[in-house]
Amino acid sequence: MRCDRRRFVGHRAASAFAFAAIFSVANFGVASFGLAMFGAAHAAAAPADAALGLDEHGQIENPALQARFEDITKQLRCLVCQNESIADSNVQLASDLRRQVREMLLAGQSDQAIFDFMTARYGEFVRFNTPLEAKTLWIWASPAILLALGGAVVLRITRARSRMPLDDEPTPGST
Amino acid sequence: MWKFLTPMAAFLLLVVMFAFGLNPKRDIKALPSPLIGKPAPLFNLTDVLDPAKPVSNGALQGQIYVLNVWGTWCFACREEQETLLKIADSRVVPIVGLDYNDDRAKAQRWLQQLGNPYSAVGFDPDERTAIEWGVYGAPETFLVDAHGQIIYKFISPMTLDVWQKEFLPRIEAARRNGA
Numbered sequence: 001m002r003c004d005r006r007r008f009v010g011h012r013a014a015s016a017f018a019f020a021a022i023f024s025v026a027n028f029g030v031a032s033f034g035l036a037m038f039g040a041a042h043a044a045a046a047p048a049d050a051a052l053g054l055d056e057h058g059q060i061e062n063p064a065l066q067a068r069f070e071d072i073t074k075q076l077r078c079l080v081c082q083n084e085s086i087a088d089s090n091v092q093l094a095s096d097l098r099r100q101v102r103e104m105l106l107a108g109q110s111d112q113a114i115f116d117f118m119t120a121r122y123g124e125f126v127r128f129n130t131p132l133e134a135k136t137l138w139i140w141a142s143p144a145i146l147l148a149l150g151g152a153v154v155l156r157i158t159r160a161r162s163r164m165p166l167d168d169e170p171t172p173g174s175t
Numbered sequence: 176m177w178k179f180l181t182p183m184a185a186f187l188l189l190v191v192m193f194a195f196g197l198n199p200k201r202d203i204k205a206l207p208s209p210l211i212g213k214p215a216p217l218f219n220l221t222d223v224l225d226p227a228k229p230v231s232n233g234a235l236q237g238q239i240y241v242l243n244v245w246g247t248w249c250f251a252c253r254e255e256q257e258t259l260l261k262i263a264d265s266r267v268v269p270i271v272g273l274d275y276n277d278d279r280a281k282a283q284r285w286l287q288q289l290g291n292p293y294s295a296v297g298f299d300p301d302e303r304t305a306i307e308w309g310v311y312g313a314p315e316t317f318l319v320d321a322h323g324q325i326i327y328k329f330i331s332p333m334t335l336d337v338w339q340k341e342f343l344p345r346i347e348a349a350r351r352n353g354a
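Sequences listed follow chains A and B, in order.
Just so you know, the working numbering puts the end of the first sequence at 175, numbered straight through with nothing missing.
Just so you know, the working numbering puts the end of the second sequence at 354, numbered straight through with nothing missing.
Please keep in mind that the hints were generated in silico from the structure rather than gathered at the bench.
Among the hints, erroneous ones may be present.
Okay, derived cross-link-like pairs now, DSS-like style, lysine-lysine, Cα gap no bigger than 25 angstroms in a straight line [unchecked claim]:
(1) K135(A) / K74(A)
(2) K135(A) / K228(B)
(3) K281(B) / K135(A)
(4) K340(B) / K213(B)
(5) K74(A) / K204(B)
(6) K340(B) / K200(B)
(7) K281(B) / K228(B)
(8) K228(B) / K340(B)
(9) K261(B) / K340(B)
Hey, can you work out the whole structure from these sequences and the hints?
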């Protein structure tokens with residue numbers, strides 16, 4: 001039993017659980033890849049904060065920075081809901097992390113610096129986009145491996161079938 | 176021979192994966208902390224009971240301590256409070272509190288009503304210290320050694336069982352190694 005300041009609604013928790021359960025049963029670590037593929041791509045909900053560099057809608061005045069803000073917050077996982085990005089989630093943690101991203105952007109930090117900051121505190125799981133590194137190579141390679149395995153099975157079956165006589169063809173010597 | 180072995184191997188692989196995936200003891204929401212083995216982030220806050228009194232974990236350098244993250248909005252924290260009081264009574268290590276995203280008056284009332292297991296409670300109303308510690312909910316309990324390194328993190332309400340099985344052996348090991 002765990003808490004966040006604003007608790008998310010029940011059906012969302014249930015669907016998140018079912019989602020995670022199916023994925024973890026079906027494929028261990030491939031789940032993170034799957035979730036990365038399914039990563040939500042909705043518009044960022046701009047939080048209204050009266051701080052420096054923000055307009056009356058709580059957006060960063062500099063449009064280039066606001067675009068980067070929306071892009072980055074979509075790529076960071078809200079660890080309370082786990083299948084929502086911090087751009088979509090309305091729990092307290094997501095709003096705190098949005099504030100953190102906004103402040104780092106306004107301080108002139110790079111996207112990489114922001115992702116590194118989050119990963120150092122919350123782990124690789126915080127990123128929807130799994131970075132391509134030596135230890136994550138197998139995750140990126142897994143679709144190709146599965147495709148190759150499936151292809152090999154299909155090939156074997158079709159080859160075996162092609163050697164079989166067709167049903168409506170008279171087999172030699174039967175007539 | 177292979178006609179029999181291949182499906183059998185595939186089936187056994189599935190059994191292993193289901194045993195892992197459906198294990199009811201595995202908390203799929205509990206994430207490993209990347210901070211384990213790293214220096215504990217320093218904080219300089221004020222005490223929840225006294226806004227004039229500073230609380231910093233820098234002052235705890237050289238001793239093992241537990242950092243317990245909580246808030247009065249956290250119903251699961253109420254559940255572990257009794258356990259924390261028992262642990263504090265055993266006087267093994269000090270328990271430092273981190274009260275985040277909270278209201279000072281509510282937190283003071285909470286400590287008066289439920290008892291105060293903490294040697295000090297840092298008040299973190301804007302969650303900046305919580306973010307530094309990678310906190311993503313409450314309760315969370317960290318174990319910090321005398322070198323100021325985080326050696327363990329427990330996510331869920333504390334129980335005496337967890338304290339005896341996970342915390343005490345680590346505290347003893349750290350003491351043996353002079354950490």
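Checked hints:
no.: 1; hint: K135(A) / K74(A); result: holds (24 angstroms)
no.: 2; hint: K135(A) / K228(B); result: violated (46 angstroms)
no.: 3; hint: K281(B) / K135(A); result: violated (46 angstroms)
no.: 4; hint: K340(B) / K213(B); result: holds (22 angstroms)
no.: 5; hint: K74(A) / K204(B); result: holds (20 angstroms)
no.: 6; hint: K340(B) / K200(B); result: holds (16 angstroms)
no.: 7; hint: K281(B) / K228(B); result: holds (18 angstroms)
no.: 8; hint: K228(B) / K340(B); result: violated (35 angstroms)
no.: 9; hint: K261(B) / K340(B); result: holds (15 angstroms)
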